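Peer 1: Chain by chain, the residues run as shown.
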Amino acid sequence: MLRLPPFDYHAPKSVAEAVALKAECGETAMYSAGGTDLFPNMKRRQFTPQTLIGLRDLAELQKIESADGMRTGSGVSLNQVAEHPEIIKRFPALAKAAALVSAPQLRNMGTIGGNLCLDTRCNYYNQTFPWRKALGFCLKKDGDICWVALSSPKCLAVSSSDCAPVAMALNAEFYLVAQDGERTVPAAEFYKNDGADFLNKTPDELLVSIRLPAHEGWRMNYKKLRRRDSIDFPILGVATALRLEKSGRSGAAASSGTVGSSSIAGECAEIRIVLGAVASSPLRAYEAEKMLIGERLTTERIEAAAHVAAKLAKPLDNTDMTLGFRKKMVSRFVADAIKEALEN
Amino acid sequence: MAEEMRGANDFQWIGKSWAQVDGLAKAKGETVYADDMFLPRMLYAKMLRSPHPHARIKSIDVSQALNRPGVVVAMTGKDVPIPYGILPVSQDEEALCVNKVRMIGDPVAAVAALDEETAEAALEDIVVEYELLPSILSIEDGLKELEESELQDAQIHEYADSGNIHKQVALEFGDTEAGFAEADFSREELFYYEGNTHLPMEQHAAVAQHGADGRVTLWSSTQTPHYVHIALAKVLEMPTSQIRVIATPVGGGFGGKTDPFQHEIVVCKLAMMTGRPVKMTLTREEVFYAHRGRHPVLMWVKAGMKSDGSITALHFRNFLDGGAYGSYGVASTFYTGALQTVTYPIANYKFEAMRVFTNKAPCGPKRGHGTPQPRFALEVLLDKFAEDLGLDPAELRLRHLVPDNSLTVNHLTVTTNGLGECLRKVTEASEFKIRRIESNSGKGFGLGCGSYLSGAGLPIYWNKMPHSGVQIKIDRGGGVTVFCGSTDIGQGSNSVLAGIVAEELGIHLNNVIVVTADTDLTPVDLGSYSSRVTLMTGNAAIDAARPLREKILTAAAEVLKIPTEKLILRNGKVTTKNGAGEAVSFEDAVQWAEAKFGTLGSVGSYTPPRRGGKFKGAGVGPSPNYSYSACVAEVTCDPETGLYKVDKLWLAHDIGQAINEKLVIGQVEGSAYMGLSEAMMEEQVYRTGKSGSSGGIGPAGLHKIPSMLDYKSLTSLDMPEVETILVETHDPEGPYGAKEAGQGPLLPIMPAIANAIYNAVGVRIDEVPITPEKIFQGLQDLKKGKSGRIGPKTFPQIKFPEPIHVAPPE
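Protein chains in written order, with the working numbering: chain P, 949 to 1292; chain L, 13 to 822.
Everything labelled a hint here was simulated from the structure, so no lab data went into it.
Be aware that one or more of the hints could be misleading.
[As the list claims (entries may be wrong)] In silico BS3-like cross-links for lysine-lysine, where the CA-CA straight-line distance does not exceed 27 Å:
(1) 795/L to 1259/P
(2) 90/L to 1081/P
(3) 156/L to 716/L
(4) 445/L to 318/L
(5) 805/L to 28/L
(6) 1275/P to 805/L
(7) 1262/P to 786/L
(8) 156/L to 1276/P
(9) 608/L to 585/L
(10) 1262/P to 716/L
(11) 1044/P to 657/L
(12) 1276/P to 585/L
(13) 716/L to 991/P
(14) 1102/P to 246/L
(15) 455/L to 798/L
(16) 1275/P to 90/L
(17) 589/L to 1275/P
(18) 1276/P to 805/L
Note that the coordinates shown come from a computational prediction; the quantities given were computed from them, not determined experimentally.
Chain P on its own, in the form it takes in the complex (with noise of 0.2 Å):
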């Protein structure tokens, strides 16, 4: 079988002692939450630390606070964010999006924070050692050349995360600590379009927890694309959260159930769409907000603004399912994201 390489574990009880461990073992350790990403990547030699910093035992990663919207620790397992009454009710994108990832064990194993900070995907980094070699090495781990693209200069490894998408829906701020200070990131500004460099986080950095901001009388929704009902990553995945107009008709529209042409919503306040797996980060489809905003939502209107977000993804031969068939997807499942939050 595949064996782990050989390091160190340390379980802090403290944040502060986390970091500060962190700090003083530098490059070569690294932190764990869950482990249900780094443990097989540890196998297959993507990450070779000498020192892992467990983080179970930090207290403040487990909580979940109600105020000024909702603050949750990074270490919540997936399965809880799930399944928390408060979030279903408040924040359903991000319940469902936390249910969709994985399977059942991996969920209960699996953080919030962990998913937030997913290590970034490619059929041709995600293999073994042995594998890796007989291709050559690639740029997102010890090689100079992308195998998806060959004339790229960055590496295209994709963002495989169910939650960043509607994190950053959501307007979420990710709270990190380290050593040296610590600093809130807007979700927006937390993810960057390169796979191997893919998050505004130094490595000594630990996300500590998430803040989502209050969205009351917002309607959401996370859709995912993947071949199996189970286990497998995201090849797609949508989050949108809007906001309706609190003109007298609009709740009735809404709740009828119908976004047909002649059903009449009220306008759209505001709206955010978030594509995920279709780049390195997370895209928002600003200009197919704008279409929508101070519109009424028509299914018309609906699928043209669908279809503008859909030139956004730019899907490339490294993921599961043909990159033609996931591009052409993108606008049927931008579309139904929004009629489905309308129906909610």
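Here the structure of chain P is known, so what remains is to put chain L in place on it, guided by the hints.
Peer 2: Below, chain L alone, put in the same frame as chain P:
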């Protein structure tokens, strides 16, 4: 063999449902699989594998590896240079490659160390110099004629029929030209069936020990300990009497553990070199390289039909992508032609095929071995014919079924054919006829059928000995121990063996101890392949048990002073048939029998009837009997995206007679799962492109998705409800009338899905797997006014040899 036909109520065990004899131990984690074994002083071995698809080995230097602390020994192909292979005609494998590598993943050296981590790290210390050779990665490449000057570099194996064409076959039964002339209409179609792999939960593992007595013992996760025994003797140059092979409980095989494997030979040699036990467990990625899975097959089919639906002529041309080694490939090639004839009468039949070598993992036998590909083509073709005729697809098939006790055009004997009843039951249960026509856009129903053999009529190497042997001994306390070479791979063969002996001796299953798959202890059984075990081992078990039953009854009759013929063994007792008089315990009767006859033991064996034609190639296809299956699939497909789900499968299987009903249903559902998974998504994907130059664009021939995450196979959430219907035809050849259940029920699934998708959205997918991407493409084509058919468009134009002409049976 079924000397007496008894009704279901007369049986104590047969046809009932009972738990597998080894099931609870597996559920509780007590079962010791090969990787669970730890012997004192045991070493761990790893193999260094080639990063090149085709290359000469210039040199191998293991000295640095030997210097690494913890490494005990290293070896190369020079330590085990004798070639071997499962078929006598394909002795083309090496435990470690000697002169050249033929695929990425071919092992070239091995290391044994104190722990697995050290062995793995030591592989990095080995220096191998390669000279790259041109690689062959597709059927088209493999068919290319090679100039004399190209042979040395571009030919993968010298013994191929020609160039990289491993094997070519051409047979004609009757006169197909005349048959096509008689037809009212005909169709010519191209089909492609992608390769896929077995994906057993348990990775291959083996442990070897070289004892103080000089004997080698191998524990291995294998389906065929007997054939491994023979291969070890050849490569290790030791008599089989000095080698013991024990098949450990197998955590899934499906044909993937049916060859002798490199790691099995390597651990034996390493144990001999070190005098210490050695274990090797393959990683999941290495299992993809060991492979032996479904051959990719490109098929051209022409069929002629009369307006009544009878088939006047059928012509198949198949190209098989064999991968780097022979394996079972010659048999696989014949199997892509053998069993098309046993379902519907074919008046004239021509079959041509070529298997090519390519620089990819070797293909071999996967559940259904060579038959799913042509069966898919034939059943989709019949769906198209039914549409031409305006007939219900079930009706078309029902009108033309091979009759019981008949010979097919290619000289196969069909004793009983339950396909008609399967078809009727499965279409009734699903309301196929009405729902298929009434279904709305996006909802579809599809039908497929299939047939499979209950064991190959011939062994893999030529001999006249039995295919299965069973030995029984009885303890004075009434415990019955059954010894047999058969190998339980999860299919339940141990349970079948126990159940049959318990039935014959009228005792409880708890009193039967099963000892199997150990070449020191058990008589030869050829192995768990070709769906042979229930029929062959079952018949051998009956053969062994009945003389013992006679002895016990004879002794009891003497003591009880009741005529033997009035006594029976039942429920652990000897009683009179009419229940009169007092019952005596099995234990007492056994002691009386031992007192009278001496030590109680017996042997039984089974050899299949000699059947089939006399032509070259007639050895593939004959079987004591054939199982039949029919499936209706209900699908819901999004007419815009092609994304679909399978709502339900109705699957009827002619089992002849269930030995253990619950086990049969398990086998049918397991087949449904495996078939559905290959129908929907499974495929072996290799990197293509130019190979060779190290500074170029990297090697082609690399398996792109060698992991359980990326090689997509259905999860339990994707699995629809399966309604299993068992049809019993009480075949005269099977034990109590039984037929196989392990492979046949897989066959109708793939065509049923393809036909259901067509019914749902009007797109014909003449390929497996049937992916949403392909359906989406078909839907786009339909919108543009094209046919909406997705499948191969061209077929290599290559001349086949003149066929062997065989007259149909009289």
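Peer 1: Now look at each hint and say whether the structure bears it out.
Peer 2: Quick rundown of the hints versus the structure:
1. Among the hinted pairs, residue 795/L with residue 1259/P is consistent with the structure: their alpha-carbon atoms are about 22 Å apart, no more than 27 Å.
2. Restraint check for residue 90/L and residue 1081/P: satisfied, since their Cα atoms lie roughly 25 Å apart, inside the 27 Å limit.
3. Under the criterion of a C-alpha separation no larger than 27 Å, the hint pairing residue 156/L with residue 716/L is consistent with the structure, at around 25 Å.
4. Note on residue 445/L and residue 318/L: the hinted pairing holds, with a Cα-Cα distance of about 23 Å set against a maximum of 27 Å.
5. Annotation: proposed proximity of residue 805/L to residue 28/L is violated, straight-line Cα distance about 50 Å (limit 27 Å).
6. With a CA separation close to 25 Å, the supplied pair residue 1275/P and residue 805/L stays within the 27 Å bound.
7. In summary, the hint linking residue 1262/P to residue 786/L is supported, as the alpha carbons are separated by about 20 Å, within the 27 Å threshold.
8. Of the pairs offered as hints, the one joining residue 156/L and residue 1276/P is violated, with about 37 Å between alpha carbons and a cut-off of 27 Å exceeded.
9. The hinted pair formed by residue 608/L and residue 585/L meets the criterion: a straight-line CA distance of about 19 Å does not exceed 27 Å.
10. Under the criterion of a C-alpha separation no larger than 27 Å, the hint pairing residue 1262/P with residue 716/L is consistent with the structure, at around 21 Å.
11. With a C-alpha separation of about 21 Å, the suggested pair residue 1044/P and residue 657/L falls inside the 27 Å cut-off, and the hint holds.
12. The hinted pair formed by residue 1276/P and residue 585/L fails the criterion: a straight-line CA distance of about 71 Å is larger than 27 Å.
13. Restraint check: the Cα-Cα separation between residue 716/L and residue 991/P comes to about 18 Å, which is no more than 27 Å; the hinted pair holds.
14. For the given pair, residue 1102/P sits about 53 Å from residue 246/L by alpha-carbon distance, which is inconsistent with the 27 Å threshold.
15. In summary, the hint linking residue 455/L to residue 798/L is supported, as the alpha carbons are separated by about 22 Å, within the 27 Å threshold.
16. A hinted pair counts as satisfied when its Cα atoms are at most 27 Å apart, and residue 1275/P with residue 90/L does not qualify at roughly 52 Å.
17. A distance of roughly 74 Å separates the Cα atoms of residue 589/L and residue 1275/P; the hinted pair therefore is violated under the 27 Å criterion.
18. At roughly 24 Å between alpha-carbon atoms, residue 1276/P and residue 805/L fall within 27 Å of each other, so this suggested pair holds.
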